[in-house]
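Residue numbers (numbering that gives the first Met the number 0), protein chains in the order written: chain A, 0 to 49; chain B, 0 to 182.
These are calculated hints, taken from the structure and not from any lab test.
Covered stretches of chain B (in silico footprint by chain A; criterion: 3 or more residues with CB under 8 Å from a CB of chain A, positions within the stretch not fixed):
#, stretch
1, 17-24
2, 87-93
3, 149-162
We treat Cβ as the ideally placed atom computed from N, Cα and C, and that holds for glycine.
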Amino acid sequence: MAVQLGLTTNAVAANVRRLRLNLRELTLNEALKITTTVADAEDELRALFS
Amino acid sequence: MSKDNPKNSCRGVFETTLWSVILNAGSKENTAALAAWEKLAANYWFPVYAHVRRSVACPEQAKDMVQEFFTTLIRRQSLAKVTPDKGRFRTFLLTSLKYFLSDQFDRAAAAKRGGEHVTVSFDAMEAEERCRHEPLAEDSPDKQFDRRWAAALIERAFVQLQADQLAAGRNHPVRTAEGISRP
Numbered sequence: 000m001a002v003q004l005g006l007t008t009n010a011v012a013a014n015v016r017r018l019r020l021n022l023r024e025l026t027l028n029e030a031l032k033i034t035t036t037v038a039d040a041e042d043e044l045r046a047l048f049s
Numbered sequence: 000m001s002k003d004n005p006k007n008s009c010r011g012v013f014e015t016t017l018w019s020v021i022l023n024a025g026s027k028e029n030t031a032a033l034a035a036w037e038k039l040a041a042n043y044w045f046p047v048y049a050h051v052r053r054s055v056a057c058p059e060q061a062k063d064m065v066q067e068f069f070t071t072l073i074r075r076q077s078l079a080k081v082t083p084d085k086g087r088f089r090t091f092l093l094t095s096l097k098y099f100l101s102d103q104f105d106r107a108a109a110a111k112r113g114g115e116h117v118t119v120s121f122d123a124m125e126a127e128e129r130c131r132h133e134p135l136a137e138d139s140p141d142k143q144f145d146r147r148w149a150a151a152l153i154e155r156a157f158v159q160l161q162a163d164q165l166a167a168g169r170n171h172p173v174r175t176a177e178g179i180s181r182p
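Please put together the full structure from these sequences, using the hints given.
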């Protein structure tokens, strides 16, 4: 994959970590739209994905 | 940083809490609440549609019932009794949907429509296609609703991630859990 993307393996790993963190935050953001607090949003995500 | 403040995050860009906008409006007519309803309905129509479709044979009829459901929620001002500490939007919606379906099937004639409408933009054929590609589930209807809800939520996050990537000049496609590159 790194070759296909023209990146080093470490750069791909770093990008994947960053994307995962971004996705986690965006998912929390989406959950927050249907709840009223960050704590509720985290509870909602736990209820849906655990 | 207060954990309970929805405006706080490490990015600092949390969007408006749509559920709060709706709850705060209560029974009052409120354009912000109507806009919030339209956004939420647009994001979460599929779990509602799929739940309705279990009981309704015709896709077009199911689509009409979903539209009527969201309209009825506003027309009846159902949220007047809901307070922020009472349950979640997902639970509220599923419970309301069950009452709505029960009520619909009991009616001999369709109620005349009136008042404010929420227009949920979706394609019934696309919805049918999605239903066809779903695995045969032995879960309870409520569990299936939650599973579809989780999928809708994560898809929204993927779409936003893709948009963020493009905005940052990174053109590598982000693939969803389904393996489909979203525009």
